[in-house]
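Novice: Sequence:
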Amino acid sequence: MLSLPPVIAHLISLVTMSISLSRLDPNGADRSGLIDFFTSNDFPFHVSPQQWTAAGVEERIDSSTLRSDDYDPFWLQHEQLSNLGIVRLEDNTRDDNIAMCAVTP
Numbered sequence: 001m002l003s004l005p006p007v008i009a010h011l012i013s014l015v016t017m018s019i020s021l022s023r024l025d026p027n028g029a030d031r032s033g034l035i036d037f038f039t040s041n042d043f044p045f046h047v048s049p050q051q052w053t054a055a056g057v058e059e060r061i062d063s064s065t066l067r068s069d070d071y072d073p074f075w076l077q078h079e080q081l082s083n084l085g086i087v088r089l090e091d092n093t094r095d096d097n098i099a100m101c102a103v104t105p
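1 is the number of the first residue of the sequence shown in the numbering used here; add one for each residue after it.
Treat the hints as calculated values from the structure; they're not laboratory data.
Treat the hints with care, as some may be off.
Stated by the list, open to error - Derived Cβ-Cβ restraints for the label pairs, each shown as a range:
| no. | residue 1 | residue 2 | range |
| --- | --- | --- | --- |
| 1 | 27 | 76 | 41 to 47 Å |
| 2 | 93 | 27 | 18 to 24 Å |
| 3 | 76 | 55 | 20 to 26 Å |
| 4 | 68 | 5 | 23 to 29 Å |
| 5 | 41 | 95 | 32 to 38 Å |
| 6 | 47 | 8 | 23 to 29 Å |
| 7 | 29 | 79 | 18 to 24 Å |
| 8 | 56 | 28 | 15 to 21 Å |
Being a predicted model, the structure only gives us computed values, none of them experimental.
Every residue, glycine too, gets a C-beta built ideally from N, C-alpha and C.
Please build the complete structure, drawing on both the sequences and the hints.
Specialist: Dropping the structure here:
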């Protein structure tokens, strides 16, 4: 029987675990988590690739950029790694029922 190094076995177990979506509340319970997430990660391929500040994240939350009638955000969660990113469904008020999805890793 083939024995894998522990690091490789761990990586394989991470890949095979499920990922789920959990609706987030930017103005409530998830506010501090969002501030931490956006200020402690780099987003080199984002429209705004510069480092996000806590004040900038709070401004986005307060201006309904993350949640509104048109936007519905979710944590992208992994069983062991916790929050991996954010998925935001967009255009939720369109009459043709076509929603867009934006992912922030």
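Novice: Which numbered hints does this structure break?
Specialist: Failing hints, ascending: 1, 4 and 6.
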